[in-house]
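Enquirer: Given the structure of chain W, go ahead and fit chain B onto it with the hints provided.
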Amino acid sequence: MQYMLMIYHEEAGWDRMTPAQQAEGMAAYQAYSEALAAAGALVGTGRLQPVATATTVRIEGEETRVLDGPYADTKEQFGGYYIVEAADLDAALDWAARCPGARHGGVEVRPLWAMG
Amino acid sequence: MTERPAPGPTEAAAAAAEAAARGGYGKLVAFLAARSGDLAGAEDALADAFAAALAAWPRTGVPDSPEAWLLTAARRRLIDAARARARRSEAATRLRPLLEGLEAAGDGAALPDRRLALMLACAHPALDPALHAPLMLQAVLGLDAAMIGGVFLVSPAAMSKRLTRAKAKIREARVPFAEPEAEALPERLSPVLDAVYAAYAQGWSDPQGADPARRELAGEALFLARLVAGLAPASAEAQGLLALILHTLARRAARRDAQGRYAPLDAQDPACWDGAMIAEAETILRRAAGLRALGRYQLEAALQSAHADRRRFGRDTRAETVALYDALLAMTGSPVVAANRAMAVAELRGAQEGLALLEAAAQDPRLAAYQPAWAARAELLSRLGRRAEAAEACRRAAGLAADPAVRAFLMERLAALEAGG
Chain W
1 MQYMLMIYHE EAGWDRMTPA QQAEGMAAYQ AYSEALAAAG ALVGTGRLQP
51 VATATTVRIE GEETRVLDGP YADTKEQFGG YYIVEAADLD AALDWAARCP
101 GARHGGVEVR PLWAMG
Chain B
1 MTERPAPGPT EAAAAAAEAA ARGGYGKLVA FLAARSGDLA GAEDALADAF
51 AAALAAWPRT GVPDSPEAWL LTAARRRLID AARARARRSE AATRLRPLLE
101 GLEAAGDGAA LPDRRLALML ACAHPALDPA LHAPLMLQAV LGLDAAMIGG
151 VFLVSPAAMS KRLTRAKAKI REARVPFAEP EAEALPERLS PVLDAVYAAY
201 AQGWSDPQGA DPARRELAGE ALFLARLVAG LAPASAEAQG LLALILHTLA
251 RRAARRDAQG RYAPLDAQDP ACWDGAMIAE AETILRRAAG LRALGRYQLE
301 AALQSAHADR RRFGRDTRAE TVALYDALLA MTGSPVVAAN RAMAVAELRG
351 AQEGLALLEA AAQDPRLAAY QPAWAARAEL LSRLGRRAEA AEACRRAAGL
401 AADPAVRAFL MERLAALEAG G
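As they're listed, the protein sequences go chains W and B. Using full-length UniProt numbering, read the first sequence as starting at 1 and increasing by one per residue. Using full-length UniProt numbering, read the second sequence as starting at 1 and increasing by one per residue.
Okay, chain W solo, but in the shape it has when bound:
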């Protein structure tokens, strides 16, 4: 069973960190990714650039509307994800609790539809 761990955090918080703190944060994610991979649980991961780079597209009728900005303005922003393989929700929640994002934001856990 695959679950996506979606990391939400306050982007501005990252900018307020000292370079040393940022390096520490990167190292924590690096170690987490390696632990997932070593356990055979890592399916995929990605880190998103800030919401300032986001563009949202909708097609309404015949018209394609392209809007500057993220889908929703929120206090904390979607900043990255992991897709993990886990036996059940408890196993996925254990991985979420180990994710550095759970400390400086929130990690939403959602099962993926299984594809054929």
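Just so you know, these hints were derived from the structure itself, not from any lab. It should be emphasised that the depicted structure is a prediction, and the values quoted were computed from it without experimental measurement. Don't be surprised by glycine CBs; every beta carbon is placed ideally from N, CA and C. A few of these clues could be false.
As the list claims (entries may be wrong) - A few chain W residues that face chain B, going by a derived Cβ cut-off under 8 Å, partial list only:
{"no.": "1", "residue": "P70"}
{"no.": "2", "residue": "L89"}
{"no.": "3", "residue": "D90"}
{"no.": "4", "residue": "L93"}
{"no.": "5", "residue": "L112"}
Unchecked claim - Short, incomplete list of chain B residues facing chain W, as computed with Cβ under 10 Å:
{"no.": "6", "residue": "A126"}
{"no.": "7", "residue": "P176"}
{"no.": "8", "residue": "A178"}
Expert: Chain B in isolation, oriented as in the chain W frame:
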């Protein structure tokens, strides 16, 4: 004794199905849901199996093991439903382990009791805590959404929708049906105990027993508390919760006098209490203490035990009561506990000191609409001779009372205070 005609095949079948439903419903649901990971599917399959039993048994006779018959029928339905789903969706791979799990379960084999795993799934932290008790009442006891909605003050349709959504999450997000390792048990069991207590409290909130659904609910909660205490004998808090429920249920009938008027604990006749229930509660509480893992429910049960001792044997339990409230307050930080502790202190060290503590506790906004705290304040003020303020607090308490008998009791107190009594 009057002769009764032998029951016809239909009545016999109905009676057998009913007996299997009462005794084994939760066990059957637990077994099927734990195998398939699909609580809603297990309930639906079992409902179909019961319907099939009522149709078949009058013709074929009641089988030797109704439970095994129902299990086989429900399993087949669950497998058929899963196969149909597998054909419809492209997600056949996902359903394969589910089918294998069900097919591996032998027909009619002695049914292992997976109800603890079922209760843990119903009270999983990934599910809305407000739904833990309703889910458990439905899955383990087979109560319907209309009855559950009624006692939790939610419309049957809304309750039904919430339960359906929660069960879909259990299936799709794969909430596990598993019993944790011994060291993780206390933490995982805690929401289960809270849900059982919530069900009990809803049942308790109708002291007159005028609402049959609520009266029944207190009994169902006792059943659940017994079940958890039996399935998790190493959990001190599971034993504590059972002792607490037994202690308070033992006094249920005495909460009203012969005229149906509200009788507070100190006005009740201990002879009307259920002595067997109290004795059982005491035995269980001692067993819990032997497990050396103190918790909230054991402390609350110990408080009830002290109340019972004081009223039944005239033992002075005032110092012990304050000490128990101290421990409970340290553990929960609850403003309600703080208010109760203030009353216990008033008994031990006088109304002045109790009132000061009660006023400090009342700083918490959560107590502003808490009727017993206002009634307590009225009582302490009246003991101190501050009659006008006492009447004011008593009026507030009466205005907040939801139970008509309690309101009538407080109005009587108010009249006495205003008359200078």
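Enquirer: Go through the hint on L93 of chain W and say holds or violated, using the shortest Cβ distance to chain B against 8 Å.
Expert: At about 7 Å, which falls below the 8 Å cut-off, the nearest Cβ of chain B leaves the hint on L93 of chain W intact, so it holds.
Enquirer: Given A126 of chain B as an interface hint, is its Cβ closer than 10 Å to any Cβ of chain W?
Expert: Holds, because the Cβ-Cβ distance from A126 of chain B to chain W comes to roughly 6 Å (cut-off 10 Å).
Enquirer: Close enough to count: is the Cβ of D90 of chain W nearer than 8 Å to one in chain B?
Expert: holds (5 Å)
Enquirer: Under 10 Å, Cβ to Cβ, is where A178 of chain B needs to be relative to chain W, so tell me if that hint holds or is violated.
Expert: holds (7 Å)
Enquirer: Identify whether the interface hint at P176 of chain B stands, where standing means a beta carbon of chain W within less than 10 Å of its own.
Expert: Cβ of P176 of chain B sits 4 Å from chain W, so the hint holds.
Enquirer: Would you settle whether the hint for P70 of chain W is holds or violated, based on the nearest Cβ-Cβ distance to chain B being less than 8 Å?
Expert: violated (26 Å)
Enquirer: Restraint: L112 of chain W near chain B, CB-CB cut 8 Å. Satisfied or not?
Expert: violated (10 Å)
Enquirer: So, as I understand it, the hint says L89 of chain W touches chain B; can you test that by seeing if any CB pair is closer than 8 Å?
Expert: holds (5 Å)
Taken one by one, the earlier hints fail for this structure at numbers 1, 5, listed in ascending order.
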